[in-house]
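Residue numbers (this note's numbering), protein chains in the order written: chain A, 1283 to 1425; chain B, 42 to 259.
Please note that the accuracy of each hint is not assured.
Unchecked claim - Dumping the calculated DMTMM-like pairs for lysine to aspartate or glutamate here, alpha-carbon to alpha-carbon at most 25 Å:
1) A/Lys1396 / B/Glu231
2) B/Lys238 / A/Asp1397
3) B/Lys91 / B/Glu134
4) A/Lys1323 / B/Asp172
5) A/Lys1396 / B/Glu134
6) A/Lys1400 / B/Glu231
7) A/Lys1323 / B/Glu78
8) A/Lys1396 / B/Glu50
9) A/Lys1400 / B/Asp224
10) B/Lys82 / B/Glu49
11) B/Lys56 / B/Glu78
12) A/Lys1325 / B/Asp223
13) A/Lys1400 / B/Asp223
14) A/Lys1384 / B/Glu50
15) B/Lys80 / B/Glu62
16) B/Lys238 / A/Glu1398
17) B/Lys82 / B/Glu122
18) A/Lys1396 / B/Asp223
19) A/Lys1400 / B/Glu229
20) A/Lys1384 / B/Glu134
21) A/Lys1323 / B/Glu229
22) A/Lys1400 / A/Asp1311
23) A/Lys1396 / B/Glu49
24) B/Lys113 / B/Glu126
25) A/Lys1384 / B/Glu236
26) A/Lys1396 / B/Asp224
27) A/Lys1400 / B/Glu236
28) A/Lys1384 / B/Glu126
29) B/Lys70 / B/Glu126
30) B/Lys238 / A/Asp1344
31) A/Lys1384 / B/Glu49
32) A/Lys1384 / B/Glu122
33) A/Lys1323 / B/Glu236
34) A/Lys1325 / B/Asp224
35) A/Lys1396 / B/Asp132
36) A/Lys1384 / B/Glu229
37) A/Lys1396 / B/Glu122
Worth flagging that the hints you see were computed from the coordinates, not collected in a lab.
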Amino acid sequence: MKRIFLILLGLAEGVIVGMALVAFLMVLDVIPRLIRFTSTKSKIRLYQSVILIGALIGILIDFYDFALPNLFFLNELLVVLSGLFFGIFVGLVAGALTEVLKVLPILSRRLGLKDEMKLMLSAIILGKALGSLVYWLFPQIWS
Amino acid sequence: MLDKGTKEEVFLRVKRVVRAEPNQRLDIKDLSEVVSEDKLKEEIEKIRVKEVVKEAGDSMIITALEIIGAIKREFPELRIEHIGEADVIIDIEKNSKKNKHQSSPPRLYVIFVSLILFLGSAMAIMNFHADVGMGPVHQRIYQMIMGVSNQEPLLLQVPYSLGIAIGMIIFFNRFYKYKIDDDPTPLEIEMYLYENKVNEFSLAQKSKRAKQIKKGKH
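Take these sequences, add in the hints, and give me the full structure.
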């Protein structure tokens, strides 16, 4: 009886979290942005499946311990590439977050810096990259 | 003078908002687009409707009926077709205000604001990493791919940091002066929406006030 309840609980949790994940991606307008950027509107179905598979693989990595076999330099390359792609994704999400998108128009109007938006945006982008680097390169600061 | 007896037709397209200075004369030309026979059009456009009075303050309202009335005074027989807005909102700008907006901000101020944004976003991303526990996830992925555990998988994290910049540049479609393509950036769209909202709001307020002033007079 308890097992059935656990199964039900797990299923319910999964459904809610899955919906939340998709809703999160939808709300941020990241995917439409990428599709427009690459003009690949016809490949929407592919993107859907890729997101699904990505989430499933994430689950596998999370719950099971496994490691890739050692293949010369390929492992290093994969690490660098996956780091880069994680970063691009997080960058897209960070840009889409309201902190930037809703705040900048108001800020620039308030401060009378309407023509300096480009500069302000660049400052934010550089700040994000540098902040991230500092966070990883000097972990002793906050541990 | 034109023959006033014939069945001439005039189309008026009354504007929504007109910017004016104090004591400016408001002719039909300022308030509305006129379509008609050329000669008639010229005469109509010269008709004076009102002047911007001091008591009006920031704004006043001229109804389309007042405009039509002014035309009817000169050309009683004219058929007037009115399309467009029912009221014109006169947005009265004082000169000093205008100049303030046109001057460019001082360099030091811009640098100061940029610095705040720069440091602020750096702090924000650090907080984000700490908040979502990005470190352990990176260690996990590093271990999965490389087979060995590493407390500081910089091989993963440095490209990740650069990726953040790339991702944001893709999202905003620009970095400093360089635009990737001609699409409007999401920021430009957001800016446009925000400005429209502000304008609409101030307009609504101004028209409210102007209507009150009008009521008070009569």
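Legend entry - Violations among the numbered hints: 4, 7, 8, 14, 15, 20, 23, 28, 30, 31, 32, 33, 37
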